[in-house]
Amino acid sequence: MITVTDLRKVYRQGKKEVVALDGVTLSVPKGSIHGIIGHSGAGKSTLVRCLTLLDRPTAGSVSIDGTELSSVRDSEIRAARRRIGMVFQHANLMDSRTAAGNVAHPLELVKTPKDKIRSKVAELLSLVGLEGFENAYPSQLSGGQRQRVGIARALAADPDVLLCDEPTSALDPATTDEILDLIQDLTRRLQLTVLIITHEMNVVKRVCDSVSLLAKGRIIEHGALQDVAGNLESKLAKALLPLPASEPLHGALQGGPVLEILFAGDNAKEPVLTGVARHFDIDLNVLAGSVETLGGQQFGHLRVQLAENADYDAVLAYLHQRGIGAKLAETKTAPGDAAELNDVTGRTS
Amino acid sequence: MNDIFSNPVLAKALPEAIIETLQMVGISAFFTVLVGLPLGVFLHVTAPGGLRPMPVTNRIMSDVIVNITRSIPFAILMVALIPLARLLTGTSLGPIAASVSLSIGTIPFFARLVETCLRDVHHGKIDAAQVMGSTKMQVINKVMLRESLPALVAATTTTVVTLVGYSAMAGLVGGGGLGKLAYNYGFQRFDVTVMIVTIVLIIVLVQVIQLVGEWISRSLDHR
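Protein chains in written order, with this note's numbering: chain A, 1 to 349; chain B, 1 to 223.
Hint data in this document are derived by calculation from the structure and do not stem from the laboratory.
Please note that a few of the clues may not be correct.
Distance condition first, Cα-Cα at most 30 Å in a straight line; then the derived BS3-like pairs of lysine-lysine [as the list claims (entries may be wrong)]:
#1 B:Lys136 to A:Lys114
#2 A:Lys116 to A:Lys30
#3 A:Lys30 to A:Lys235
#4 A:Lys111 to B:Lys12
#5 A:Lys114 to B:Lys142
#6 A:Lys269 to A:Lys235
#7 A:Lys111 to B:Lys136
#8 A:Lys120 to B:Lys142
#9 B:Lys136 to A:Lys116
#10 B:Lys136 to A:Lys120
#11 A:Lys116 to B:Lys142
Chain A is nowhere near these chain B residues, computed Cβ spacing over 12 Å in every case [stated by the list, open to error]:
#12 Phe5
#13 Val45
#14 Asn184
#15 Ile196
Remember, it's a predicted structure, so these values are computed and weren't measured experimentally.
Positions of the beta carbon are idealized from the N, C-alpha and C atoms, including for glycine.
All chains, full assembly: derive it from the sequences and hints.
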């Protein structure tokens with residue numbers, strides 16, 4: 001369990017103060033994966049540096065299982081760091097060390113006996129599926145294999161928390177899925193607490209149990225994946241279930257009102273659209289849609305155009321009554337919203 | 001060809017000159033690495049944004065000592081350092097005395113090369129080492145020096161080749177070696193054979209150093 005409370009980081013640039021983190025609070029229970037998503041400049045890198053104590057936070061606290069990290073004295077900082085294993089975007093392996101040598105690196109630092117290092121390294125390499133690659137140098141490994149070595153190295157000191165900074169951003173889609181599956185598998189098996197910092201919504205969709213949206217140094221939305229995805233007003237839902245831009249149709253339904261509908265969980269199994277058509281005896285057309293399974297639940301996000309004469313207030317009431325999120329589609333998204341999430345949605349669609 | 005073997009200068013003075021040159025290069029290379037390597041590490045680590053920033057000390061070391069020493073032409077530095085050589089070795093003549101000025105002349109040069117090598121170590125590797133709980137010394141030894149070892153060997157090779165050139169110059173002001181032989185006999189006595197033989201020997205020496213250095217550097221490089 002990692003708890004971050006009101007974390008602030010202010011950099012001084014000459015006489016100007018730059019607020020990189022403006023009161024970040026989050027908590028991740030043991031055995032679960034939390035995604036922190038945000039575009040560049042949102043404060044992700046600063047958050048990573050504060051969590052690993054590479055930078056001291058200006059205020060606030062970071063604690064692991066109740067042990068405070070951010071206020072430890074400089075002499076204890078190294079022991080504190082060993083409670084967090086870190087996976088980097090580019091693995092950051094030592095080129096002069098073999099795969100086994102890289103995994104052994106954190107163990108050598110605390111003078112672990114040689115035979116113990118050897119058995120631990122063998123165990124870790126088999127855990128990440130790299131048996132037989134002990135003597136390979138990083139230059140002889142593929143990007144995915146290098147990242148596996150990086151994960152094994154991060155786990156070498158038996159950390160409680162695994163912090164992954166853009167772990168798959170440099171990998172191709174198939175390798176990304178392999179690495180994410182590995183992280184998920186290890187989380188369950190070793191009961192780790194995992195934080196994944198990413199700009200890829202795909203990563204959140206695939207492995208995260210909960211998610212936070214970081215913007216301008218603040219967490220502006222957070223929650224379990226199912227909860228944020230099921231909320232029509234949530235920016236994360238828009239990013240998790242993106243709708244492509246679509247023009248209202250110029251056909252039989254020209255001029256009809258356009259609705260946005262979000263089904264979640266059990267509602268997604270009901271034949272809602274045909275229900276509306278039958279109940280109100282109107283025609284309707286799907287303009288855009290996105291259907292996904294997130295955190296084991298099914299979600300559907302649709303943009304639907306009704307016939308011109310349809311009473312959309314009655315339709316909205318009908319949908320709300322059945323627990324389905326629905327609203328009149330905005331003709332244009334507010335500029336603020338679009339700017340904040342453009343980056344996130346743009347890269348996933 | 002007969003000339004080479006029958007030349008009295010070559011027969012008598014050449015072996016000694018070769019040994020003197022090797023002595024000068026060997027001794028000064030040893031001290032250059034001994035002092036220059038830590039100095040280069042210090043310059044890199046104390047630079048702004050380094051592992052242990054010490055802006056004022058770094059400025060003094062970098063600007064005053066290294067840059068001033070490097071901007072004095074070696075021929076002048078060598079003559080200027082004769083009193084120091086006499087103080088340290090008891091004499092101003094011979095290869096041992098010459099090694100003093102040779103070392104002092106090349107230490108700043110080598111330190112700069114070391115600094116450049118260390119700067120090329122990817123910052124992510126240093127972050128990774130720190131996050132896994134390395135001390136600063138462990139970061140320097142296990143990451144910075146180890147990861148830049150191929151480059152450091154190449155820098156040492158360049159420095160030793162430079163020392164061969166400097167040692168010939170040192171020969172002119174009493175250091176002895178092949179430089180003295182070429183100057184005294186080849187130049188002042190117009191003995192063309194001596195001149196050619198010493199030049200060829202120096203070229204061979206440089207080639208051997210370069211080849212060995214490159215071979216070691218390559219065998220250490222796993223990138």
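A quick look at each hint next to the structure:
1. For the proposed pair lysine 136 of chain B and lysine 114 of chain A, the alpha carbon gap of about 23 Å is at most 30 Å, so the pair holds.
2. Restraint check for lysine 116 of chain A and lysine 30 of chain A: the C-alpha separation of about 27 Å stays at or below 30 Å, so the hint holds.
3. Only pairs whose Cα atoms come within 30 Å are accepted, and lysine 30 of chain A paired with lysine 235 of chain A is accepted, the gap being roughly 26 Å.
4. A threshold of 30 Å between alpha carbons decides the hint, and for lysine 111 of chain A with lysine 12 of chain B the separation of about 58 Å lies outside it, so the pair is violated.
5. Proximity of lysine 114 of chain A to lysine 142 of chain B is assessed by CA-CA distance (about 17 Å); at most 30 Å being required, the pair is judged to hold.
6. The straight-line distance between the Cα atoms of lysine 269 of chain A and lysine 235 of chain A is roughly 24 Å, inside the 30 Å bound, and the hint therefore holds.
7. In summary, the hint linking lysine 111 of chain A to lysine 136 of chain B is supported, as the alpha carbons are separated by about 16 Å, within the 30 Å threshold.
8. Taking the CA atoms of lysine 120 of chain A and lysine 142 of chain B, the gap is about 20 Å. The hint holds against a cut of 30 Å.
9. This hinted pair checks out: lysine 136 of chain B and lysine 116 of chain A have alpha carbons roughly 25 Å apart, not beyond 30 Å.
10. This hinted pair checks out: lysine 136 of chain B and lysine 120 of chain A have alpha carbons roughly 25 Å apart, not beyond 30 Å.
11. Restraint check for lysine 116 of chain A and lysine 142 of chain B: satisfied, since their Cα atoms lie roughly 20 Å apart, inside the 30 Å limit.
12. Look at phenylalanine 5 of chain B: its CB is around 49 Å from the nearest CB on chain A, clear of 12 Å, so calling it non-interface holds up.
13. With a cut of 12 Å on Cβ distances, valine 45 of chain B stays outside the contact zone with chain A, its closest approach being about 16 Å.
14. For asparagine 184 of chain B, the requirement that its beta carbon stay farther than 12 Å from each beta carbon of chain A is met, with the minimum near 48 Å.
15. No Cβ of chain A approaches the Cβ of isoleucine 196 of chain B within 12 Å, the least distance being about 44 Å, so the stated non-interface status holds.
Checked against the numbered hints listed earlier, the structure breaks hint 4 alone; every other hint is satisfied.
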